[in-house]
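Enquirer: Could you put together the complete structure from these sequences and hints?
Respectively, the protein sequence lines represent chains A and B. In terms of this note's numbering, the first sequence opens at residue 1 and continues consecutively. In terms of this note's numbering, the second sequence opens at residue 1 and continues consecutively.
A few of these clues could be false.
To be verified - The calculated lysine-lysine pairs, modelled on DSBU-like cross-linking and capped at a C-alpha distance of 30 Å, are: (1) B/K9 to B/K70; (2) A/K3 to A/K52; (3) B/K57 to A/K3; (4) B/K71 to B/K9; (5) A/K69 to B/K57; (6) B/K14 to B/K57.
Since the hints were made in silico from the structure, they are not lab data.
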Amino acid sequence: DAKTTQPTSMDCAEGRAANLPCNHSTISGNEYVYWYRQIHSQGPQYIIHGLKNNETNEMASLIITEDRKSSTLILPHATLRDTAVYYCIVYFSNTGNQFYFGTGTSLTVIP
Amino acid sequence: NAGVTQTPKFRVLKTGQSMTLLCAQDMNHEYMYWYRQDPGMGLRLIHYSVGEGTTAKGEVPDGYNVSRLKKQNFLLGLESAAPSQTSVYFCASSSWGGSSYEQYFGPGTRLTVT
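Expert: Below, the structure is given as structure tokens:
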């Protein structure tokens, strides 16, 4: 089942903030929102995750709406190395559950 | 600390041949996973394991078998390779972390079946 919806592709100017949206209207109360990215066919890399509150780490910020039906990943100052496919995943950590990656958003950072 | 390693990095098989992909992790993680990624697609879960000696089917398990005899290793087997199994295979591991469920991925194995 497709649990998340993301735009297929986005462009962002180098140095500007990249805002990547994700819709997860069927998210349940105990499911977290995770973001991963995949650079040029390498293994995916964890970015950030959250449940209700906004989160920030050294890589990005995650803004989750109050109703939790959508979220936005923010890369505050995009660089060329941020060009990648970004995956939004909803997940609850219990035995037997699975990560569904979907097709993600292909972000291109333009010089 | 090597993280997650995969062997081999590349492989070409003929239809009907068999092979085993090895995944090893040195982070003492309980969970391990095998994914496949076809061109232009996201990752799809093949099989996973929640601990030594246990395995379970993922989204696309047909044509594959797995074994987790040691905690640090997770093997993916193809008994009779088919061209439809041409893909990039990624292994991942994670700890049983409650709210934190970060998966660590290997570099991938590129498999071509002719």
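Enquirer: Now tell me, hint by hint, if it's right for this structure.
Expert: Structure-based check of each hint:
no.	hint	in the structure
1	B/K9 to B/K70	21 Å, holds
2	A/K3 to A/K52	17 Å, holds
3	B/K57 to A/K3	19 Å, holds
4	B/K71 to B/K9	22 Å, holds
5	A/K69 to B/K57	29 Å, holds
6	B/K14 to B/K57	25 Å, holds
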